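Here the structure of chain S is known, so what remains is to put chain P in place on it, guided by the hints.
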Amino acid sequence: MSAPVRLVLLSHSAAAAAGVAELAAQVAGGAQRVRAVGGTADGGLGTSADALEEACRAALDEGADVAVLVDLGSAVLTAKAWLAELEDEELARVRLVDAPFLEGAVAAAVTASTGAALAEVVAQAEVARGLRKL
Amino acid sequence: MSAVAREALDAAAAREWLRGFAAAVAERSGELTDLDRPVGDSDHGVNLRRGTEAVLAALDADGAGGAGGADGTPGQVLGAAGRTLVSTVGGASGPLFGTALRRAGKALGEVPAADAAQVAAALRAALEGVVRLGEARVGDATMVDALDPAVAAFERAAQEGAPLPRAARAAAGAAAEGAASTVPLVARKGRASYLGPRSRGHLDPGARSVELLLTALADALGADALDARAGEGA
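Listed in order, the protein sequences are those of chains S and P. Just so we're aligned, residue 1 is where the first sequence starts under this note's numbering, counting upward by one. Just so we're aligned, residue 1001 is where the second sequence starts under this note's numbering, counting upward by one.
Since the hints were made in silico from the structure, they are not lab data. Quick caveat: nothing in here was measured; it's all calculated off a predicted structure. Glycine included, every Cβ here is placed at the ideal spot set by N, Cα and C. Incorrect hints may have been included.
Calculated lysine to any residue pairs in the SDA-like style (CA-CA distance at most 25 Å, straight line) [as the list claims (entries may be wrong)]:
(1) Lys-80/S <-> Ala-41/S
(2) Lys-80/S <-> Asp-42/S
(3) Lys-80/S <-> Leu-1133/P
(4) Lys-80/S <-> Asp-1041/P
(5) Lys-1106/P <-> Arg-57/S
(6) Lys-80/S <-> Ser-1042/P
(7) Lys-80/S <-> Arg-1191/P
(8) Lys-1106/P <-> Ala-1121/P
(9) Lys-133/S <-> Leu-96/S
(10) Lys-80/S <-> Arg-1049/P
(11) Lys-80/S <-> Glu-62/S
(12) Lys-1189/P <-> Asp-71/S
Computed footprint of chain P on chain S, listed as stretches where at least three residues anywhere in the stretch have a Cβ under 8 Å from a Cβ of chain P [what the hints assert, rightly or not]:
(13) 46-54
(14) 64-78
Extracted from the complex, chain S is given alone in its bound form:
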């Protein structure tokens, strides 16, 4: 059986991360799968590598794999810079997802709720990149 997958949602805004996490958890029926990380340590807009580390570490420590979804430019850089410091064993258990923040989070949460492995969760979230709305 594959490891369970946790989602970490990294946004510049604590409110945006929390809102998307709430939506994704509701759609997928389970808040335990989604962690919201948003804003800087002093409560401003921005991304915190320490907060990202803490959220991912918590998931890894409970034996889960981690899909990280990010909002805008510097969130990508924060996540990539953090990933670059991981050892290979952990690096294999964390994936940065190239998907729209909200749609990707919902797709990933739903897929994760079926017990799918990390690769499948990431693939389904990345499908959301090409979905048209109209």
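Using the frame of chain S, we list chain P on its own:
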């Protein structure tokens, strides 16, 4: 600013470099933010200053043996500062400048005092780390436009046998030219890229900060002391 020209980048010189960079960022944070206003989200100066102030606090807090202490290697000092920048900045400049310092620190390894060739290799590693992370190339109107020619100028000076401070001054000069070269460019990375052709006519704030970083290196290594001595014909 070092009153004497240094022959090597040791831990003390690395700390002086970081202190000088922090002072420059503090002094220019308004200017950096003004540069960021038309092309970014007006936070470059504020963000970078938050990071460099945290670096200063860490240097002050660490006792001997830590990165701020009398012991340690320049690689440790730069690596610790890089981690602090990644953790504290909040914007894109944290991961980018933090990665630059971390890669430079890693490249220096355990060497207690780096010579010009070793510093050149560290700066090359910093550039490669930034390019890999940000996926920007020369001409995209980013910090790479300053860092790339600066590293090349440092390497050229080092290969020609220039003393370390002079190689750093050459790098700082090339960084300044590189930063100025971003003015007519159309930004292709970051938030400025959303502006398309309207991003022309602005100096990239990240490139300007690279210029400050390398100027601080030249100052910490005592480039002016070396030039003054040369001026006296000594």
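Verification of the hints:
Annotation: proposed proximity of Lys-80/S to Ala-41/S holds, straight-line Cα distance about 19 Å (limit 25 Å). Taking the CA atoms of Lys-80/S and Asp-42/S, the gap is near 22 Å; set against the 25 Å cutoff, the hint holds. Taking the CA atoms of Lys-80/S and Leu-1133/P, the gap is about 7 Å. The hint holds against a cut of 25 Å. Proposed proximity of Lys-80/S and Asp-1041/P is supported: the alpha carbons are some 21 Å apart, at most 25 Å.
Between Lys-1106/P and Arg-57/S, the direct Cα distance comes to roughly 24 Å. Compliance with the 25 Å bound is thereby established for this hinted pair. Between the alpha carbons of Lys-80/S and Ser-1042/P the distance comes to roughly 23 Å, so the proposed pair stays at or under 25 Å and holds. Restraint check for Lys-80/S and Arg-1191/P: satisfied, since their Cα atoms lie roughly 17 Å apart, inside the 25 Å limit. Restraint check for Lys-1106/P and Ala-1121/P: satisfied, since their Cα atoms lie roughly 11 Å apart, inside the 25 Å limit.
Using a Cα cut-off of 25 Å, the hinted pair Lys-133/S and Leu-96/S holds, with the two alpha carbons roughly 24 Å apart. Restraint check for Lys-80/S and Arg-1049/P: the C-alpha separation of about 22 Å stays at or below 25 Å, so the hint holds. Simply put, Lys-80/S and Glu-62/S have alpha-carbon atoms about 22 Å apart, close enough for the 25 Å limit, and the pair holds. The hinted pair formed by Lys-1189/P and Asp-71/S meets the criterion: a straight-line CA distance of about 15 Å does not exceed 25 Å.
With 5 residues having a beta carbon nearer than 8 Å to a beta carbon of chain P, the region 46-54 of chain S meets the requirement of three or more and the stated coverage holds. Only when three residues or more bring their CB closer than 8 Å to a CB of chain P does the claim for the region 64-78 of chain S stand; here the count is 5, and the claim holds.
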